[in-house]
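Visitor: Each chain is listed here by its residues.
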Amino acid sequence: MDKVFSDARSALAGLVKDGMTIMAGGFGLCGIPETLIEAIRDSGAKDLTFISNNAGVDGVGLGRLLETRQIRKMISSYVGENKLFAQQYLSGELELEFNPQGTLAERIRAGGAGIPAFFTKTGVGTLIAEGKEVREFDGEKYVMERGLFADISVVHAYKGDTEGNLVYRKTARNFNPMMATAAKITIAEIEHLVPAGDIDPDQIHTPGIFVKRLVHVANPIKRIEQRTTRKRETVASAGAGEEI
Amino acid sequence: MDKVFSDARSALAGLVKDGMTIMAGGFGLCGIPETLIEAIRDSGAKDLTFISNNAGVDGVGLGRLLETRQIRKMISSYVGENKLFAQQYLSGELELEFNPQGTLAERIRAGGAGIPAFFTKTGVGTLIAEGKEVREFDGEKYVMERGLFADISVVHAYKGDTEGNLVYRKTARNFNPMMATAAKITIAEIEHLVPAGDIDPDQIHTPGIFVKRLVHVANPIKRIEQRTTRKRETVASAGAGEEI
Amino acid sequence: MAWTREQMAARAAKELRDGFYVNLGIGIPTLVSNFIPAGMRVQLQSENGMLGMGPFPFEGEEDPDLINAGKQTITELPTTSYFSSADSFGMIRGGHIDLSILGAMQVAQNGDLANWMIPGKMVKGMGGAMDLVAGVKRVVVVMEHTAKDDPKLLKACNLPLTGQGVVDLVITDLGVFTIDKKGGTGMTLIELADGVTAEEIKAKTDADFKVALGSKQSNAA
Amino acid sequence: MAWTREQMAARAAKELRDGFYVNLGIGIPTLVSNFIPAGMRVQLQSENGMLGMGPFPFEGEEDPDLINAGKQTITELPTTSYFSSADSFGMIRGGHIDLSILGAMQVAQNGDLANWMIPGKMVKGMGGAMDLVAGVKRVVVVMEHTAKDDPKLLKACNLPLTGQGVVDLVITDLGVFTIDKKGGTGMTLIELADGVTAEEIKAKTDADFKVALGSKQSNAA
Chain Y
1 MDKVFSDARS ALAGLVKDGM TIMAGGFGLC GIPETLIEAI RDSGAKDLTF
51 ISNNAGVDGV GLGRLLETRQ IRKMISSYVG ENKLFAQQYL SGELELEFNP
101 QGTLAERIRA GGAGIPAFFT KTGVGTLIAE GKEVREFDGE KYVMERGLFA
151 DISVVHAYKG DTEGNLVYRK TARNFNPMMA TAAKITIAEI EHLVPAGDID
201 PDQIHTPGIF VKRLVHVANP IKRIEQRTTR KRETVASAGA GEEI
Chain V
1 MDKVFSDARS ALAGLVKDGM TIMAGGFGLC GIPETLIEAI RDSGAKDLTF
51 ISNNAGVDGV GLGRLLETRQ IRKMISSYVG ENKLFAQQYL SGELELEFNP
101 QGTLAERIRA GGAGIPAFFT KTGVGTLIAE GKEVREFDGE KYVMERGLFA
151 DISVVHAYKG DTEGNLVYRK TARNFNPMMA TAAKITIAEI EHLVPAGDID
201 PDQIHTPGIF VKRLVHVANP IKRIEQRTTR KRETVASAGA GEEI
Chain F
1 MAWTREQMAA RAAKELRDGF YVNLGIGIPT LVSNFIPAGM RVQLQSENGM
51 LGMGPFPFEG EEDPDLINAG KQTITELPTT SYFSSADSFG MIRGGHIDLS
101 ILGAMQVAQN GDLANWMIPG KMVKGMGGAM DLVAGVKRVV VVMEHTAKDD
151 PKLLKACNLP LTGQGVVDLV ITDLGVFTID KKGGTGMTLI ELADGVTAEE
201 IKAKTDADFK VALGSKQSNA A
Chain E
1 MAWTREQMAA RAAKELRDGF YVNLGIGIPT LVSNFIPAGM RVQLQSENGM
51 LGMGPFPFEG EEDPDLINAG KQTITELPTT SYFSSADSFG MIRGGHIDLS
101 ILGAMQVAQN GDLANWMIPG KMVKGMGGAM DLVAGVKRVV VVMEHTAKDD
151 PKLLKACNLP LTGQGVVDLV ITDLGVFTID KKGGTGMTLI ELADGVTAEE
201 IKAKTDADFK VALGSKQSNA A
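Just so you know, the sequences run in chain order Y, V, F and E. Residue numbers are given in full-length UniProt numbering: position 2 of the first sequence equals residue 2, and the series is strictly consecutive. Residue numbers are given in full-length UniProt numbering: position 203 of the second sequence equals residue 203, and the series is strictly consecutive. Residue numbers are given in full-length UniProt numbering: position 17 of the third sequence equals residue 17, and the series is strictly consecutive. Residue numbers are given in full-length UniProt numbering: position 9 of the fourth sequence equals residue 9, and the series is strictly consecutive.
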């Protein structure tokens, strides 16, 4: 019952199969389980459906699985950063289902929490509502959306203990906590592995029950998509800055 | 825009009105906002509807508002600890709506998250489903439940900063985080008040946006309903113990 | 001789598996934690927002902020995590808890369970029971076989239900029954308490059941 | 003279109030943060899971784990909190954000907004835009008045909608319009950029609108 595996390949051993649905955490390149994504590529599994907010960029994250044509379908909210994506989509090789970002997040949360469907204002009167039930509650219209549940989820956390309890860091949290709850098997890559009891139990973001397998990736390469900075002499103001 | 008020009475000033709906955090007597509940009693407001998992015990928590007959209706999952409750309910003075505990928690979470309704397996084929829509998804039956939103919420946290960011302690967290999101105005009582920036932003349970008013209650009396212990010589085993 | 409360709890503990996350109801189910085999890793969930529930505290070390769903003071373990009631019941409703062991007033041969109200009596509320029986992967009931000579294992419950078609296994002081809650094979008596006969059980049971003693069905997860 | 991008951002900043929680879109809306009046407490939300967004980092202090919804490196403030995407959009959908300022391709006189796709072109996705316009209490659009001489303020949008009846205020380089998104009073021109006339605006606008210059409507929260 040891949850800790020595590397990403062994953590995924026997789990990845052709045609399965996989959730992958991250927003842009922030908080993506890149080592596990590479191991999925190495598994050679094909016809995969990925549920992930973005599709990586060319050559990074899910972009790697586009290169090898292992992805048949993406369920995402924004894929604008990826040229190969556009190309495969336009050629009909790749299927795409857009979800509003909040609807996607909530569908995943619902899937993990045993809620098969819920109503949201988001998308009423838009293409997103087409073919879906629209119902009025207290005089306002809402669309019914379905929960999402995957075969496996791969997530990235900052810290994890041997029980599988996870802590995320800053905005690298994003989709990871919900995805950890919404698959038959969740595999987490963690930057820091500690013994059970080391993390304050009030500060655990994902309880260990959701994490079946863990792999320690001590020094992951973290990429920045938009490196924006300000000059030292600039007076700081909330949210202000200039692009370089 | 200072969120910190000097005492519970001033934190509630102008907010409590006859006939309003109030959420109160806590499970049993654990994590209840007792000082704010006392201030609601002192406000004299009547015909209140309370959404709270329990109804306190005689003379403690919401039990105090039963004594003064300020509560017209309770939406709860379990009220077994309160004799006065039974008496007022049986005499018809008090209205009662039972919700399964998980349904209650999710209805509150939904109300705070802009979800007017959702489906759950809980209660299918029971009294709870009567008069509610039951629908099949993927061959299983689910009941539709509605979101809950209150006029005000009163919650108890362990620590809070001047921005209204909150941290709860151990099982005193319970219903407090969702209730903080599901009312027009949320008032929090906190045991420890710190300046903004003192709490690690990765470890905040309730972001300050949800908390309009704060009151510092330095040494609240915390009561224990079932004092269960084990003897020193007993060998510890997980979850084991003997009642005294 | 019928089984004692401890023997019933010990029998229920045989349903545990290494790595299980388990929710125990109050009463006899709570005793099950005393019978977790050495070396088996089982984490107990408390639906008020805790995973990894420890034993009762030593006297003088009670913490009012640390209670279980029965409002009893408890302790934490190295594996412990805390979370909100919404997250706790998301865990339960989402099917992440492997096993729930709880008491009952009545169980029907189709898996219906009644354990929360008796019409005409003051109702205390269902608490988290309806969520647990609807959401947890496998539901085991531990109860006395009869209530003052009235059978509790029935063709159909006559008390208001807690859940419809939810029970997988029933352990009474007289024996053990599997239930095929999806219909199909119905209720089956698979074990007898020491010195109890199938005939004695038949006489004290309203439900229809098959007898298949020595079956391994109870091990199906 | 039409307003510059900075002037449009400065005008949008007048919609801020002390204590507001605000979500800013990319482009001109991002500039609004430069015009928050001194002493006014405004917290910026970034829908990827952060409240209390700080300025861009000093060179060499970029943190890959700390980005905004435009994937730009940013910093934290003493008020900052982090949360999941589900909690972030719960905050948005639940109406807890006071104000959203964002760009648009088209706005209709009934408050419809289109800003996410052009049929026939490769679609990048709506990201969080549909959630923001549907959920945030008050939606302010900041955009050029026309796109290559084509009006962007229309009787009805002809691009696929991001939201139906969602816009409260439109700030263009030529002026400011209120919209009664519940119907009723329709669209109203309430301010002109320096040196711009209502006639010029009329010529560049497809939407029907009333003129009520000097009206205080834009202050209605």
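Think of the hints as simulated: they come from the structure by calculation, not from any bench. For glycine and all other residues, C-beta sits at the position ideal for the given N, C-alpha and C. Careful, some of the hints might be misleading.
Said to hold, decoys possible - Sample of chain V residues facing chain F (criterion: CB under 10 Å; computed from the structure): (1) G28; (2) L29; (3) C30; (4) T35; (5) K46; (6) T49; (7) V79; (8) G80; (9) I108; (10) I128; (11) G131; (12) K132; (13) R135; (14) N174; (15) M178.
Visitor: Now tell me if each hint is right for this structure.
Guide: Hints and how they fare:
1. With a cut of 10 Å, the hint placing G28(V) at the interface with chain F holds, because the nearest CB-to-CB distance is about 4 Å.
2. At about 7 Å, the closest approach between the beta carbon of L29(V) and any beta carbon in chain F falls short of 10 Å, and the interface hint on this residue holds.
3. With its C-beta approaching chain F no nearer than about 5 Å, C30(V) sits inside the 10 Å limit, and its interface hint holds.
4. Look at T35(V): its Cβ only gets to about 15 Å from chain F, farther than 10 Å, so that hint breaks.
5. Annotation: interface hint on K46(V) violated; nearest CB of chain F at approximately 24 Å, more than 10 Å.
6. A distance limit of 10 Å between C-beta atoms decides the matter here; for T49(V) the minimum to chain F is near 17 Å, and the interface restraint is violated.
7. For V79(V), the suggested interface contact is upheld, since its CB lies about 5 Å from the closest CB of chain F, less than 10 Å.
8. Below 10 Å, beta-carbon pairs count as interface contacts, and G80(V) has one with chain F at about 3 Å; its hint therefore holds.
9. Proximity of I108(V) to chain F holds as hinted, the smallest CB-CB distance being about 7 Å (cut-off 10 Å).
10. Here the hint on I128(V) is kept, as its CB sits about 7 Å from the closest CB of chain F, short of 10 Å.
11. The criterion of a C-beta within 10 Å of any C-beta in chain F is not met by G131(V), whose closest approach is roughly 15 Å, and the hint is violated.
12. With 10 Å as the threshold, the beta carbon of K132(V) stays out of range of chain F, its nearest partner Cβ sitting at about 13 Å, so the hint is violated.
13. Nearest Cβ of chain F to the Cβ of R135(V): about 15 Å, over the 10 Å cut. The hint is violated.
14. At about 5 Å, the closest approach between the beta carbon of N174(V) and any beta carbon in chain F falls short of 10 Å, and the interface hint on this residue holds.
15. For the restraint placing M178(V) at the interface with chain F, the shortest Cβ-Cβ distance is roughly 5 Å, inside the 10 Å limit, so the hint holds.
Checked against the numbered hints above, the structure violates hints 4, 5, 6, 11, 12, 13; every other hint is satisfied.
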